[in-house]
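*Asks:* Spelled out from the first residue to the last, the chains are:
There are 2 protein chains.
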Amino acid sequence: MSDSFNLRTLEESLKSVPSQDLKDIKTHIYGRSDDHELSISSSAQRIAESNNFVIKTYGFKAKKEDLRKPRIVRIGAVQTSIAAPTTAPVSVQRDAIFAKVGKIIEAAAADNVNVLCLQELWTLPYVFCTREKYPWCEFAENAKTGAGVTFLKGYAKKFNMVIVCPILERDEDQGDIIWNTAVVISNTGNIIGKHRKNHIPRVGDFNESTYYYEGNTGHPVFETQFGKIAMNICYGRHHPQNWMMFGLNGAEIVFNPSAEIGGSLSDRMWFIEGRNAAVANSYFTVTINRVGTEIFQNEFTSADGKPAHKDMGPFYGSAYLAAPDGTRSPGMPRDRDGLLICEVDLNMCRQERDLHTFRMCQRLPLYAEGLTKACKLDFEPQVIRENENLKRNQRQHTNDHQF
Amino acid sequence: MSDSFNLRTLEESLKSVPSQDLKDIKTHIYGRSDDHELSISSSAQRIAESNNFVIKTYGFKAKKEDLRKPRIVRIGAVQTSIAAPTTAPVSVQRDAIFAKVGKIIEAAAADNVNVLCLQELWTLPYVFCTREKYPWCEFAENAKTGAGVTFLKGYAKKFNMVIVCPILERDEDQGDIIWNTAVVISNTGNIIGKHRKNHIPRVGDFNESTYYYEGNTGHPVFETQFGKIAMNICYGRHHPQNWMMFGLNGAEIVFNPSAEIGGSLSDRMWFIEGRNAAVANSYFTVTINRVGTEIFQNEFTSADGKPAHKDMGPFYGSAYLAAPDGTRSPGMPRDRDGLLICEVDLNMCRQERDLHTFRMCQRLPLYAEGLTKACKLDFEPQVIRENENLKRNQRQHTNDHQF
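First to last, the sequence lines map onto chains C and S.
Residue numbers for the first sequence follow the UniProt record's numbering, so the first one is 1 and each next one is one higher.
Residue numbers for the second sequence follow the UniProt record's numbering, so the first one is 1 and each next one is one higher.
What the hints contain is simulated information worked out from the structure, not anything from laboratory work.
Take the hints with a grain of salt, since some may be wrong.
[To be verified] SDA-like mimics (lysine to any residue), calculated; alpha carbons at most 25 Å apart, straight line:
(1) S:373 with C:250
(2) S:15 with C:18
(3) S:306 with C:351
(4) C:133 with C:297
[Stated by the list, open to error] Beyond 10 Å from chain S on every Cβ pair, some chain C residues (computed):
(5) 42
(6) 51
(7) 102
(8) 131
(9) 158
(10) 298
[Said to hold, decoys possible] Some but not every residue of chain S turned toward chain C, in silico, with C-beta under 8 Å:
(11) 13
(12) 17
(13) 214
(14) 244
(15) 245
(16) 325
(17) 361
(18) 374
(19) 384
Glycine residues also receive a C-beta, built at the ideal position from the N, C-alpha and C atoms.
With the hints as constraints, model all of the structure from the sequences given.
*Replies:* See the structure below:
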């Protein structure tokens, strides 16, 4: 799959396409051919230029209703590279990324973002490729009093902005263990709550199960002044049942803070899974990745037959927002720090639910029963065979022959 | 969304794109930039040309294993328009579509297709837009002895081909009621079993709930000589939990016979949902639609504010196959009868399952419990609020103000 390992965005590739073809291709890729960019304030633009990051915007519209006023929300997503070498002291690395992200939040505030989400583990490099515990475990922080959370609480209050803060969590009350967690900070500056990553990868450089377990917080939805939000952290993106439970709990916006490298399965599926989830659950999804290549001091291997090396290759950015009607924003750059701002009307969620009735015809009891059976040790899959003779033949066939 | 109502395929739009850009765009769209067309036999090509349908092919490769031989299967998907006017007698319409499909099956046999699936309700027009019961209910047939099933049994045995036959079923043993059903015919010519559509649409022209209920056959997987197959019929494509249960029951290929019109949500999501399901469940998916515009004698309305009319607009074809590694075949034409032939190695399913461990980290007990709670009448969503004061403020806010 090395051919997909590319730092150009799709939007750059599309620049050469003649206009009629472009319209068709865009319809295919975004679910619509028209563009609705928002204006960017000059102060936000100035902050972006002087701090070398990109701002992209997109607007989604819902139908006008009589009884409900529009529920317009500006959603922000931040993608960054690390800001200091991985060989610098932990405190230096952390201060550097704080400074960088602080500037991006200022730009978000200048453009009136209401709800902002940072990338997964935004305060640290993606260190799990190393399988080393130190100094990396030092980045883990208390979900109420830690440095990253405390840093963002100030911004949340100052800018009247809900901020989702994905951290490496240290649970000091329960054996000092570590979790992959996202904390929701209210626009009042108070913490509303937290969610711990439900699905943990075990592939390639993603040695997360060496550091923490599957989360124990269920599928919480956080009621904020700007809508009901939830976080499906990283690998949960591949699990439709995880998206589904956030929907059943009433989410209107589900963030997917992630860390993903180019040329991978995730790269192929990046723009698929967020859109699929938005439609299946009639809510908005925001899929966020980091950017840049992170080089470590000690070499490591990736279980792919290749020689040891000191980096995972570039993370591909590409943050985007998908709407319940199947349309999506363009993707952010694959190699630059950036802020995506999308304006949505949350009324679209219920409008789509009424139109396509996915929730009504979802048949939850059927699946509650099916999954309950499927996780029993004596589960027998519902398999229908032509007859027992054929069954024996097939077994032999499967073992012995090519077909 | 009228801008997406277009009969050109994406592949036609891509013809104008310069080669480097084309590579990037194809990587985005198909999950790979290389092409693996299979050769088409001259006899199949001859049948296609003289009967005015298109054959497209694509090959997918899996890793070589030591203990398992490759499990190469040729999968076929058929898309057709109706073959006689909807005003012709039922028997004439049926004989005409039988003759057309017979020729396509002959071509499939000439190119060694092992498992073939026809589109949803292949023996009849998509009549539910009319909400009329007669003559349309006459197309319903017994799932063991009906005309469509009987017609295909002969071909299945003659060509050593498993054929999936989606029909309008008449259950004469249980009150003559009607179902939307797919019957699996073994390559021996015997019927292995049937599955009834699980999720029924209630939107626009898709008045299916006027004719039949949600299926009562669970999520069966059919063990055939060419792999374990299942059918997620039409609207179940939008329901990830439906795809998931077929995976839990062991499916390696899941067909999605459908009937979908252009410019719709389904058009926007067509190439998204099949790929998403293939990756999430580590199996192959085959998404199939009919083509052509079907004109009825009596006018009907579509609940979209537009005047009464006599057709739903064109069905957009676009059959394709998606693999568990996130790649997919090109789409079939949007406006022509066609046969898609894909060669796959079923070993890819387990290989992807081992690599990405989606099944292992799926956490079924968590979701069995979550869905069991969610379908209770006294279900309380897992919602976390900042505090009760804020909660009251928010309620007021939601009712009274724009935010």
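*Asks:* Each hint needs a verdict: does it hold in this structure or not?
*Replies:* Now the hints, each set against the structure:
1. S:373 with C:250: 14 Å, holds
2. S:15 with C:18: The hint holds at about 10 Å.
3. S:306 with C:351: Cα-Cα ~19 Å, so holds.
4. C:133 with C:297: Status holds; Cα separation ~14 Å.
5. 42: Check passes; 25 Å lies beyond 10 Å.
6. 51: 28 Å, holds
7. 102: At roughly 24 Å from the nearest Cβ of chain S, residue 102 (chain C) sits farther out than 10 Å, so the non-interface label holds.
8. 131: 17 Å, holds
9. 158: Residue 158 (chain C) is indeed farther than 10 Å from all Cβ atoms of chain S, at 17 Å.
10. 298: Its Cβ never comes within 10 Å of chain S, the nearest being 26 Å, so this holds.
11. 13: Constraint on residue 13 (chain S) satisfied, holds at 4 Å.
12. 17: Since chain C brings a Cβ to about 5 Å from residue 17 (chain S), closer than 8 Å, the hint holds.
13. 214: 6 Å, holds
14. 244: 6 Å, holds
15. 245: Since chain C brings a Cβ to about 5 Å from residue 245 (chain S), closer than 8 Å, the hint holds.
16. 325: Hint on residue 325 (chain S): holds, closest Cβ of chain C at ~7 Å, below 8 Å.
17. 361: 5 Å, holds
18. 374: 5 Å, holds
19. 384: 4 Å, holds
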